[in-house]
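Taken in sequence, the protein lines are chains G and E. Those letters in the first sequence? Residues 1 to 726, per the working numbering, in order. Those letters in the second sequence? Residues 1 to 65, per the working numbering, in order.
To be clear, the hints were calculated from the coordinates, so they are not data collected in a lab. None of the values given here were measured: they were computed from a predicted structure. Backbone N, C-alpha and C define an ideal beta-carbon position, used for all residues, glycine too.
What follows is a set of in silico ranges between Cβ atoms, one per label pair, in the way DEER data are often shown:
(1) G/PRO148 to E/SER19: 39 to 49 Å
(2) G/GLY316 to E/GLY29: 25 to 35 Å
(3) G/ALA152 to E/ILE28: 36 to 46 Å
(4) G/PHE536 to E/LEU30: 28 to 38 Å
Derived pair list, reagent style DSSO-like, types lysine-lysine, alpha-carbon separation capped at 30 Å:
(5) E/LYS39 to G/LYS319
(6) G/LYS617 to G/LYS648
(7) G/LYS694 to G/LYS648
(8) G/LYS397 to G/LYS319
(9) G/LYS700 to G/LYS564
(10) E/LYS40 to G/LYS511
(11) G/LYS397 to G/LYS476
(12) E/LYS39 to G/LYS511
(13) G/LYS664 to G/LYS590
(14) G/LYS605 to G/LYS617
(15) G/LYS648 to G/LYS549
(16) E/LYS40 to G/LYS319
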Amino acid sequence: MSTSVTEVLENVPERKVPGHRAVEAFFYDNRIVRNFGIATVFWGIAGMLIGVLIAFQLANPAMNMGTEYTTFGRIRPLHTNAVIFAFVGNAIFMGVYYSLQRLCKARMYSDVLSKINFWGWQLIILAAVITLPLGFTTTKEYAELEWPIDIAITLVWVVFGWNMFGTIARRRERHLYVAIWFYIATFLTVAVLHTVNSYELPVSFMKSYSGYAGVQDALVQWWYGHNAVAFFLTTPFLGLMYYFLPKAANRPVYSYRLSIIHFWSLIFIYIWAGPHHLLYTALPDWAQSLGTAFSVMLLAPSWGGMINGLLTLRGGWDKVREEPILKFMVVAITAYGMATFEGPLLSLKNVNAIGHFTDWIIAHVHVGALGWNGFLTFAMLYWLFPRLYNTTLFSKKLANAHFWLGTLGILFYAIPLYWAGFTQGLMWRQFNAEGMLQYPNFLETVMQIIPMYYMRAVGGVLYLSGVFLMVFNLYKTAKSGVLVSNEAAVAPPMASIEEAGNRHWHSWIEKRPTQLAILATVAILIGGLVEFIPAFVIKSNVPTIASVKPYSSLELQGRDVYIKEGCVSCHTQMVRPFRSETERYGEYSKAGEFVYDHPFLWGSKRTGPDLHREGSKYPHSWHYHHMLDPTSMSPGSIMPPYPWLFEKDIDMSTTEPKLKAMQKLGVPYSDADIAKGNEELLKQANQITAQLQKEGLEIKPEREIVALIAYLQRLGTDIKVKEEQK
Amino acid sequence: MYKNVLQNIAGIDIYPLISLSIFFLFFIGLLLYVTLLDKKHVDAMSQVPCTGDEEQEQTRGGSNG
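Please build the complete structure, drawing on both the sequences and the hints.
Next up, the structure:
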């Protein structure tokens, strides 16, 4: 729209409000919304392409393409980060920057801050795209980026908050609509989560060790991981739902009261549920039970929100037939309902025992990501682009085709993976009549589900092809209009608190963003503190084991190779206390075994077998051959080969700083240990190479593979040693 | 194991009571807050996203996207 402010004002000379306050003219910033929109689409395609690639890698290891930079372990975190922080992150900013301005009846506080937010966020994503394939990772899921990038994230997030609160402070609408509450909670909680979980000690530029160890690191990580889902993928999108759904359906939300209950109970309960990611692990029982109890409770607010969303369309379902935007929204809200039903279900210990570590979890998160986040984002894009360009959508037919391709894609993705998850989960636990494991070879359970992996990849391709249709549609839409960079608007200035009506004591909080922010922070802190304080303060929560000793310098370097290659993406280090697991892997894992693990490497998915009792299970030569060509030792294995480990040397200049950092974190290395770090490293490496030589395998002791073998051979042996001594 | 852990905390008895009270007060307070909300106010609030850009909707080329 090309209307100027004066024209707008001339057209509304009589628009006075009670209290005789003249209207003010101003402009909404649409360019920033459009820019975030383009970034959403761009990174969405990038993230989904990598998703399709890694899906094919699981079905056919040749797709790893033989280089370290394209191998599953390194690019799987690139996929998750790109989809969560680049695709969904930009979509959040797009939706918030559009709706916040309208809900506050004010332009964003500062155009400069908006630009810093935009370009800062894109640079962070670019840094992730470069560093993750290079192997710079903390391994903590959805927080893999190394410390300099963590600092950049903090700064850009603060800029976003500053801009948001500035806009709220300058608003012309006294009352804060519920969507803004969700935005405020998102900003605050993500800030708290990111700060607490990124507590790490830098060793060098792009390398750090987590400040927490073992059980405590796991508790903090999954408090973070779970709440990243809650406060990055859920609460901002609920705020967006409460704005864009009424807009698209052209009717107010079904129950505003319900949305208030939805908000407070969701943020109050969500924060407690993290430990459900650690059921049957070495985490203390009481924390596991807390996680389960709160996860079950979460069903109520989640479904309250879903029902509120769906009922908003009451009497308007005829529109859903015709309007692809509403179709996307209905499936998105339904997917939210399904994922939030499944979450509590999977948090029950008996269900979790089967589902955890399997593809069931991958199916579960993708119902949320593809259905809830993806479809709501597409709906917003289809709704916004015609408005930003003051035109109509180029083709509803194409949008409909996108909808059906996307829906089919979700089904083709999720159903085979549910099947794969159940199949593998049950096969792991199956005993035969003699009381032995029915499928003692882990690989048997993998080969069984490879057809499902292929179907899942096809589902991903379908979903992605729908996105390409959207890109074409949005491009043609933009071409047919002109960007309304600054959209003229008028509104009376904000009424004072008295004028806005102080009669209702209960509506006071809607006028006070500061108090709302404080209360929301209190609500989210309670859960975190109740779980953390006992776990950190009470020593008996992590019973120490005398025979558990720190890693040798070579093992520590090997552990960093394990971290760099992302082995944790496919291998757990957590034997749960089930007979089916102790039969397969050995003694179950104890909390005291991980006290020197900065960071913990328990993992969350078993695409390959657990490795916690891998130490001294096979000779060095087995690992040597297996890392060079996994199929030589395990025919049919889908693990990629790692030939570069046989060519690259350990960076020995890092040994001392690494040992020093560990010492600072409380690992009992003496100064002498640190001084002799490289000497001891070579001594142990020579022992391994001598052993390999006996079997006719020549390798220099400085090679990375030697360190990795040393680490793998150490895994879980502290307790074995103790048993042998008895 | 968790029983041993819990028994080692001095004055543990008060914690279940505190948690129960926090939850009871939180949710009762929330329900009271919501049920006592003024109907007119609730209606006005739920209309917030639907107001403000009618003019744009009218001038935009054609019907909703």
